[in-house]
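Colleague: Here is how the chains run, residue by residue.
Number of protein chains: 4
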Amino acid sequence: MNIGRKLKMGLIGGGPGAFIGAVHVKAAQMDGGIELVAGAFSRDAEKSKEAGRSYLIDPSRAYGSYQEMIEKESKLPEGERIDFVSVTTPNNSHFPISRDFMQAGFDVVCDKPMTFNVAEARDLKKVVEDSGRLFGLTHNYTGYPMVKLARDMVRKGELGEIRKIVARYPQGWLASDLEASGQKQASWRTDPSQSGGAGSMGDIGTHAENLAEYISGLRISHICADLSIFVDNRRLDDDGNCLLRFENGARGVLHASQISIGEENALAINVYGTKKSIEWHQEHPNYLHVKAADKPLEIWSRGNGYVAEISPAAARATRLPSGHPEAFLEAFANIYANFADALRARISGVTPDPLFMDFPNADDGLRGMLFIETVLASTKSDEKWTVMPK
Amino acid sequence: MNIGRKLKMGLIGGGPGAFIGAVHVKAAQMDGGIELVAGAFSRDAEKSKEAGRSYLIDPSRAYGSYQEMIEKESKLPEGERIDFVSVTTPNNSHFPISRDFMQAGFDVVCDKPMTFNVAEARDLKKVVEDSGRLFGLTHNYTGYPMVKLARDMVRKGELGEIRKIVARYPQGWLASDLEASGQKQASWRTDPSQSGGAGSMGDIGTHAENLAEYISGLRISHICADLSIFVDNRRLDDDGNCLLRFENGARGVLHASQISIGEENALAINVYGTKKSIEWHQEHPNYLHVKAADKPLEIWSRGNGYVAEISPAAARATRLPSGHPEAFLEAFANIYANFADALRARISGVTPDPLFMDFPNADDGLRGMLFIETVLASTKSDEKWTVMPK
Amino acid sequence: MNIGRKLKMGLIGGGPGAFIGAVHVKAAQMDGGIELVAGAFSRDAEKSKEAGRSYLIDPSRAYGSYQEMIEKESKLPEGERIDFVSVTTPNNSHFPISRDFMQAGFDVVCDKPMTFNVAEARDLKKVVEDSGRLFGLTHNYTGYPMVKLARDMVRKGELGEIRKIVARYPQGWLASDLEASGQKQASWRTDPSQSGGAGSMGDIGTHAENLAEYISGLRISHICADLSIFVDNRRLDDDGNCLLRFENGARGVLHASQISIGEENALAINVYGTKKSIEWHQEHPNYLHVKAADKPLEIWSRGNGYVAEISPAAARATRLPSGHPEAFLEAFANIYANFADALRARISGVTPDPLFMDFPNADDGLRGMLFIETVLASTKSDEKWTVMPK
Amino acid sequence: MNIGRKLKMGLIGGGPGAFIGAVHVKAAQMDGGIELVAGAFSRDAEKSKEAGRSYLIDPSRAYGSYQEMIEKESKLPEGERIDFVSVTTPNNSHFPISRDFMQAGFDVVCDKPMTFNVAEARDLKKVVEDSGRLFGLTHNYTGYPMVKLARDMVRKGELGEIRKIVARYPQGWLASDLEASGQKQASWRTDPSQSGGAGSMGDIGTHAENLAEYISGLRISHICADLSIFVDNRRLDDDGNCLLRFENGARGVLHASQISIGEENALAINVYGTKKSIEWHQEHPNYLHVKAADKPLEIWSRGNGYVAEISPAAARATRLPSGHPEAFLEAFANIYANFADALRARISGVTPDPLFMDFPNADDGLRGMLFIETVLASTKSDEKWTVMPK
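Each protein sequence line maps, in turn, to chains A, B, C and D. Number 66 in the numbering used here belongs to position 66 of the first sequence; there are no gaps in the numbering. Number 79 in the numbering used here belongs to position 79 of the second sequence; there are no gaps in the numbering. Number 136 in the numbering used here belongs to position 136 of the third sequence; there are no gaps in the numbering. Number 180 in the numbering used here belongs to position 180 of the fourth sequence; there are no gaps in the numbering.
Check before you lean on any hint, since a few could be wrong.
For chains that are exact copies, the list does not tell them apart, and a pair is met inside one copy or across any two.
Here are the computed lysine-lysine pairs in the DSS-like style, where the Cα-Cα straight-line distance is at most 25 Å [said to hold, decoys possible]: (1) 295 x 184; (2) 275 x 184; (3) 156 x 49; (4) 380 x 184; (5) 156 x 184; (6) 184 x 75; (7) 380 x 49; (8) 126 x 295; (9) 156 x 126; (10) 75 x 390; (11) 275 x 49; (12) 47 x 184; (13) 275 x 295; (14) 295 x 156; (15) 126 x 47; (16) 49 x 184; (17) 390 x 275; (18) 49 x 125.
Because the hints were derived from the structure by calculation, they are not lab data.
Using the sequences and the accompanying hints, generate a full structural model.
Modeller: See the structure below:
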C-alpha cells in the first residue's frame with residue numbers, strides 16, 4: 001500500500017538502558033515506509049530529550065510524559081502528527097498508555113505481554129473494539145516467514161489432524177542473581193510490580209504459547225503447570241514446565257526457563273499431525289523441518305518458490321532470496337509491515353487485504369494473559385488440570 | 001580381563017522376525033571376547049533349530065525351550081557350557097527366564113524393561129541378591145561414551161547443583177495402526193499381555209528415565225503424567241508426557257512418544273546445573289554439548305584426550321579415535337564388555353575393577369518398573385503429583 | 001557519531017526488477033541515521049519516477065540520469081542535498097558513475113566488483129585519493145560480526161601462523177539457462193558487456209577472495225585457476241576452481257560456482273593456523289567454529305561478552321543480544337554504519353575512530369579486480385601458477 | 001550365504017601399538033560369520049605370541065612371520081586352516097605378503113593404499129588375475145550405506161550428468177611433529193621407506209579419490225596438484241590440494257590434509273549433477289543430503305524403506321533400523337561381509353550375487369596408486385595438468 005508518504009511513528013519507552021524500544025524503531029523503519037517522529041522515551045523529561053536527540057527527531061517532539069505527547073500530538077495536523085504509537089514500557093503501564101492513545105484516536109502497537117493482568121486485557125480488548133483503532137501486539141516470533149509457512153501447512157491440512165505439540169523456550173541469562181547488579185532488563189522483569197504475576201512464563205512462556213496456537217490454529221483448553229524460583233531472593237518464577245491439552249484433544253508440553261544456563265534464546269516447537277510433523281528453531285529461523293513417515297526429512301528454506309506456493313504470507317514476509325539469511329529484526333519488521341499496510345488501507349479508505357491483518361492483536365494478547373493466569377492458578381493447585389478460560 | 005578363552009553365551013529369543021536378539025549377539029561378539037554357542041531362539045523347536053543354523057552354532061545346542069536349555073547346558077562341563085545367557089524375549093517372560101537361569105547358576109543379561117511389573121522386579125532383585133549371580137540389563141543408551149562423560153561431569157561437580165532435566169524420546173513408527181499388519185515388533189509391544197501396563201512409556205520412556213537418573217545421579221521423587229492412546233483400537237499408550245520432581249528439588253520434563261510422525265529414534269536430554277549444562281542426542285551420539293554462561297558452546301567429541309581426562313569410563317568405552325564415529329552397536333557392546341569383564345573377574349577369582357561394574361543392573365531395572373507403575377498411577381489420578389516409591 | 005540530522009542518501013539503480021538496490025536502501029536506513037532522498041533509479045526517466053514514488057521520496061528528486069542528478073543535487077544547499085550516493089548498477093557503469101560523483105564532491109558507496117576491469121580500478125583508486133572522498137565497497141560479507149571476530153582472532157595471534165585457507169562459494173541458481181528466460185539478474189550477470197571478463201568468479205568468487213584476505217590479513221600471491229562454462233550458450237564462466245598461494249607461504253583452495261545445483265548461497269571459509277583454526281558459514285552467520293588440538297570444538301556465538309573481549313569491531317557491529325539472530329541485511333547495514341560514522345566524523349571535522357574505517361574500500365576493490373584478471377589469465381595459461389599483481 | 005561354519009581368518013599385523021589391525025578383527029567378526037584363528041601379528045615372535053593371547057586364539061597359531069604362517073596353515077586341512085588372510089602392515093609390505101598368500105592359495109583382504117608404488121600395484125593385479133583368488137581392499141568409507149545410496153542414485157540417473165565433484169579430507173593430528181615423540185602411527189606414516197612417495201595424499205587423499213570415483217562412476221583424467229610439507233623435518237607431504245578433471249568433462253577439487261588443526265576425520269564429498277546434487281560427511285555417516293533446484297533439501301536417513309527402494313546395496317549394508325546410528329566399524333564390516341559372502345559362494349561352488357562383489361578390489365587399488373603417482377608428478381611439474389594414466 002502506498003499513501004504517498006511515510007507513516008509517522010511515536011515511541012513510548014526506549015530510553016537509555018532499554019532494549020526493546022530500539023528494536024521496535026529499527027524494525028519499523030527497515031522497509032522505508034515508517035519514520036519515527038516523536039516519543040516519550042523516559043518519564044524523566046531530560047532523559048527523554050536526550051533519547052530524542054539520539055533518535056535524530058525534532059527536539060520539540062521528545063516529550064516528558066505520554067500524556068503530554070497525546071495532548072501535543074493531537075493538536076498537530078494529520079500527516080504531520082504521529083499516525084500511531086508503539087508502547088515499549090514495562091508490562092504494568094501497557095494498558096493505560098494503550099488505552100489513552102486509542103481513546104485519543106491513535107492506533108497502537110504494544111509490546112507483550114499485553115497487560116498486567118486478565119482484567120486489563122479484557123478491558124483493553126473492549127477499548128480496541130469501541131475505538132475502532134488498529135491494535136498490534138509484538139509477538140514477534142510469528143513474524144518469521146517459516147512460522148507463517150508452518151501455520152499455512154497446518155491450515156491446508158498437510159499435517160493431518162494435530163496430535164501433539166511440544167514448545168520450549170529455554171534461556172540462561174537469569175541463572176544467577178543478575179537483578180542484584182541493577183541491570184535494567186533483569187530488574188523490571190523480576191519485579192512483580194512491573195512484570196505482573198509471572199516472571200519467565202510471562203516474559204517468554206507467552207511467546208511459546210502464542211507460537212503454539214498460531215501455528216496449530218488450536219486453543220489450549222487445560223494446563224498443568226509447575227513454576228519454580230531457583231535463584232535466591234527472586235520473587236517471580238524463573239522456570240516453568242507445563243502439560244497441555246488442546247481443544248481438539250491434542251496433547252502438549254510447554255516449558256520455559258531463564259535459568260537454563262548456557263541457553264541463549266532457544267525457542268523451538270514441534271507440531272505432530274497424523275500425516276506429517278514440523279520442527280522450527282528460532283535461532284535458525286530460515287529453516288522449517290518437515291517430517292513424514294518413510295520419507296526423507298525435508299528442510300524447507302525461506303525465499304524459495306516452493307514456500308511461496310504453500311504460503312503467500314511467508315512469501316510476503318520475505319525480503320531476500322534463499323540463502324541470504326533473514327533474522328530477528330526482519331521478523332519483527334514483518335509485524336510492523338502488516339500493521340502499517342493495514343493502517344495505510346484505512347487511511348486510503350480501502351478494505352485491507354486479509355494478508356495485511358496477519359499480525360498479533362488484542363485477541364492474542366488476551367490469550368496470553370489467560371495463559372499466564374491459568375499457569376499461576378495451576379501452580380497453586382493440587383489438581384492435575386486447570387481449565388484455561390476463553 | 002583375560003581368562004584365556006572366550007566367554008560362552010546363550011541366547012533366549014532372537015528367532016525369525018525378532019529385532020533385538022541379533023543386536024545382542026552382534027554387540028556381545030564385537031570385541032572378540034564372547035561367542036554365542038547355544039540358544040532357545042523360539043518356542044517353536046523347529047524355528048529354534050533354523051535360527052541356530054543361521055547363527056552357525058552346533059545344532060545340538062539350539063533348544064526348543066529355555067527349560068530344556070537350562071537342563072542340558074547344566075550338564076556340560078564348565079568352559080564348555082554357557083557362561084551366561086541373554087534374555088531377549090517380550091517383557092512378560094523376562095522374569096521367569098532370568099530367575100530360573102540364575103537359580104540354576106548362570107549369569108544373566110536381560111533386555112529392558114526388566115519385568116512385567118513391580119512385584120516381579122522386586123522378586124528378581126531378590127533372586128539376584130540370593131543367587132550371587134551377575135545380572136546386566138541392556139539400558140544400552142548408558143553404554144555410549146558421551147553419556148558416561150556427562151555422568152562423570154556431573155559427579156565431578158562441573159555442572160554445579162542440578163536444577164532442571166529435560167528428557168525426551170520421540171519416535172514415529174507407531175503413528176498408524178502397524179500392529180494390524182501383523183508386524184511382529186508392533187504386535188507384541190502394543191499387547192498388554194506381553195508388554196505390561198505401559199506401551200511407549202515402558203518401551204522407550206524407561207530409557208529416558210534411566211538416562212536422566214544415570215547422568216544426574218538423582219532420583220525422581222514425584223511424577224505428574226498424561227498418557228494417551230492416539231491410534232484407534234490400540235490398547236496401550238502411544239504417547240506420554242510427564243512433569244518430574246527430583247529428590248534434590250530439581251524439576252524435570254520427560255516425554256516419550258511413538259506417534260511423533262517422522263521422528264526416528266530421537267532420544268535426547270538436557271541437564272541444567274547452576275554452573276553448566278549439557279545436551280546429548282542419541283542420533284548424534286559422538287558429541288556432547290557443554291554450555292556455560294558467557295562462554296562459547298563446547299562440542300565435546302568422543303575419543304579425545306580431554307574426554308579421557310574427565311571420564312576414564314568414557315575412554316574405556318571407546319574403540320576408535322575421534323572422528324571415526326561409533327554408534328548404537330558399540331554402545332550396546334559396552335554393556336556387554338563391562339558385564340563380561342566383571343564375569344571374567346569372578347571366574348578368575350579377583351575383585352572386579354569398579355569400572356567393570358558400570359552396567360545397568362537389577363536396581364536400575366526396579367527403578368524402571370517403579371517409573372512405569374508411577375506413571376500409570378498418575379495418569380489415572382486427578383492429583384497433580386504422584387510419589388514414585390523407592 | 002551524531003551530527004544532529006540524518007545523512008541524506010542518493011541511489012543509482014534499484015529500479016523495477018533490480019535486487020541489490022533495495023537491499024542497499026534497507027541496509028542504509030536500518031539504524032535510523034540515513035534517509036534516502038534522491039535517486040536515478042533507471043535510465044528510463046518514467047521508470048525512475050515510478051521507483052521514486054515507491055521509495056516515497058520527493059518526486060522532483062527522482063532523476064532520469066545520474067548526470068542530471070549530479071547537476072541538480074549540487075545546486076542544493078548542504079544539509080539538503082545528498083551527502084553520498086550508492087551505486088548499484090551493473091558492473092560496467094560503476095567506474096564512470098563513482099568517478100563523476102566523487103569529482104563533483106560527493107562521497108560514494110559502490111557495489112562490487114568495483115569496476116569493469118583492472119585499468120578502471122586503478123583509475124578509480126586514484127580518483128578516490130585525489131578527490132579525498134570516502135569510498136565504500138559493499139563486500140557485505142565482511143560486515144558480519146563473526147567475520148570481524150575471525151579477523152581479530154587472527155590479528156591477535158590466536159590461530160598462530162596461517163597455513164591453509166579454504167574458501168568456497170557454491171550457488172545453484174544458474175544451473176540452467178535462466179538468462180534465456182529474460183530474468184533480469186541472470187541476464188546482466190552472464191553478459192560480458194555488462195559484467196566484465198568473469199561470470200561467477202567476478203560475481204561471487206571475489207566475495208570469497210575478499211573474505212579470505214580480510215580474515216587472514218594475507219595477500220594471495222599465486223593462482224592456478226580452472227574456469228568452466230557448463231550451460232550451453234552461456235558466455236561467461238559459471239564455475240571456477242583455484243589453487244592459491246599466499247605471500248607468507250600459506251596454501252589455499254578457492255572455488256565458486258553458480259551451477260552447483262541445490263546450493264543457495266553457501267559461502268564458507270576455513271582458516272587453519274599452527275595453533276587453531278576457524279570455520280564460518282554465511283548461511284549460519286551468527287556462529288564461528290573455533291578448533292584446536294585436543295580441545296572441544298567451540299561454537300562462538302554473536303552478541304556475547306566473550307566475543308566483545310576479543311573483537312570490539314564485532315561488538316560494534318552487533319545490534320541484538322545473543323540468540324536473537326542477525327543476518328544478511330544487518331551485515332550489509334554494518335558497511336553503511338561504519339561508512340556513515342566516518343562521513344559524520346568528516347562533517348564534524350574530527351578524526352574518525354579507526355573502527356569506523358572498517359569497511360571495504362578502493363584497495364579491496366582493486367584486489368578484487370586483480371583477482372579476476374589473474375584468474376582469467378591463469379585459465380588461459382598452461383603454466384601451473386600465475387602471479388597475482390599487487 | 002551360509003556354508004554351515006564360520007570363515008576362518010588370519011591376520012598379518014595388528015600387534016601392540018597398532019591401530020588398524022584390531023579394527024579389521026572387530027569388523028570381520030561383527031556379524032558372527034568370521035572368526036580370527038591365526039596371525040603373524042608382529043615380526044617379533046614373542047610379541048606375536050602375546051598378541052595371539054590377547055586375541056584369544058590357539059597359541060600355536062600365533063606365528064613369528066607371515067612366511068611361517070603360510071607354511072604351517074597350508075598344511076592344515078580345509079575348514080581348519082584359515083580361509084583368508086587380512087594384511088594390515090605398513091604399505092611397503094602389502095605387496096609381497098598379499099602376493100605370497102594368494103600364490104599359496106589363500107584369499108586376501110588388504111589395507112590401503114594397496115602397494116608401495118604403481119609397479120607393485122600392476123604386479124599385484126596380475127597376481128590376483130592369475131591366481132583366481134579373491135582380493136579385497138579396505139577402502140572402508142565405501143562400505144557406508146549412504147555412500148552406496150549415493151552411488152546408486154548416480155547410476156540410476158537421479159543426478160543427471162555429473163558436472164562437479166568436491167572431495168575433501170582434512171585431519172589435524174599431524175599439525176605438530178608427532179613422529180618425533182615416537183608415536184607408532186605417526187612414525188611409519190611419515191616415513192617414506194614404509195609409506196611410499198606420498199604422506200597425507202597416500203594415507204587419506206586416496207580415500208577421497210576412491211570415494212569420488214566410487215560414487216560418480218567417473219574416472220579422473222587430469223590432476224593439477226600442490227603438495228606441501230608444513231611441519232619442520234617432515235619428509236612427506238602433510239597437506240595437498242588438487243584440481244581435477246574427469247573423463248566426461250566434469251571438474252573437481254580434492255584436498256586432503258593432516259595439518260588442518262582441530263579437524264578430526266572430516267572426509268566429505270559433494271557431487272553436483274545437472275538435475276540434483278548430493279553431500280555426505282563421514283563424521284555424520286547415516287545421512288545423505290540431496291539437493292535440487294527449487295525443492296527443499298532432503299536429508300535421507302539410513303535404514304528407511306525409501307533408501308532400500310533406490311539402493312538394495314545400501315539396504316544390504318544396514319544392520320539397524322533408522323535412528324539407531326551405525327558408524328565406522330559397521331561400514332568397515334560391510335567390506336568384510338561382502339567379501340565373505342563372495343568367498344562363501346566360491347566355497348559353495350555357486351556364482352556370487354553381484355551385490356556380494358561390491359567391495360574395493362585390485363582395480364581400485366591400482367587407481368589409488370596411479371592417483372598418488374600422478375599427484376606426485378604434478379607437484380613436481382610446472383605444467384598445469386598432468387594426465388592420470390589408466
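Colleague: Evaluate each hint against the coordinates.
Modeller: The hints, checked one at a time:
Within a single copy, residue 295 and residue 184 get their C-alpha atoms only as close as 49 Å, which misses the 25 Å cut-off; across copies the closest is 22 Å, which meets it. When the C-alpha separation of residue 275 and residue 184 is checked against a cutoff of 25 Å, the pair qualifies only between copies, where the shortest distance is 23 Å, while the shortest distance within a copy is 46 Å. Taking the closest pair of Cα atoms, residue 156 and residue 49 never come within 25 Å of each other, the shortest separation being 50 Å inside a single copy and 41 Å across copies. Taking the shortest alpha-carbon separations for residue 380 and residue 184, neither the intra-copy value of 29 Å nor the inter-copy value of 46 Å comes in at or below 25 Å.
Taking the shortest alpha-carbon separations for residue 156 and residue 184, neither the intra-copy value of 44 Å nor the inter-copy value of 33 Å comes in at or below 25 Å. Taking the closest pair of Cα atoms, residue 184 and residue 75 never come within 25 Å of each other, the shortest separation being 34 Å inside a single copy and 48 Å across copies. Neither within a single protomer nor between protomers do residue 380 and residue 49 lie at most 25 Å apart by alpha-carbon distance, with minima of 45 Å and 62 Å respectively. When the C-alpha separation of residue 126 and residue 295 is checked against a cutoff of 25 Å, the pair qualifies neither within a copy, at 48 Å, nor between copies, at 46 Å.
Proximity of residue 156 to residue 126 under the C-alpha cut-off of 25 Å is found in neither arrangement, the shortest distances being 32 Å within a copy and 57 Å between copies. In the homo-oligomer, the alpha carbons of residue 75 and residue 390 never lie at most 25 Å apart, since the shortest distance is 40 Å inside one protomer and 63 Å across protomers. Taking the shortest alpha-carbon separations for residue 275 and residue 49, neither the intra-copy value of 57 Å nor the inter-copy value of 42 Å comes in at or below 25 Å. Taking the shortest Cα distances, residue 47 and residue 184 sit within 25 Å of each other inside one copy (15 Å), while across copies they are farther apart (50 Å).
Taking CA atoms no more than 25 Å apart as the test, residue 275 paired with residue 295 passes in both settings, with 11 Å inside one copy and 20 Å between copies. Taking CA atoms no more than 25 Å apart as the test, residue 295 paired with residue 156 passes in both settings, with 20 Å inside one copy and 19 Å between copies. For the homomeric pair residue 126 and residue 47, neither the shortest alpha-carbon distance inside one copy (34 Å) nor that between copies (46 Å) is at most 25 Å. In the homo-oligomer, the alpha carbons of residue 49 and residue 184 lie at most 25 Å apart inside one protomer (20 Å), although the nearest pairing across protomers, at 47 Å, exceeds that limit.
Taking CA atoms no more than 25 Å apart as the test, residue 390 paired with residue 275 passes in neither setting, with 29 Å inside one copy and 41 Å between copies. In this assembly of identical chains, residue 49 and residue 125 lie within 25 Å of each other by CA distance neither inside one copy nor across copies; the values are 32 Å within and 43 Å between.
This entry does not satisfy hints 3, 4, 5, 6, 7, 8, 9, 10, 11, 15, 17 and 18, going by the numbered hints stated previously.
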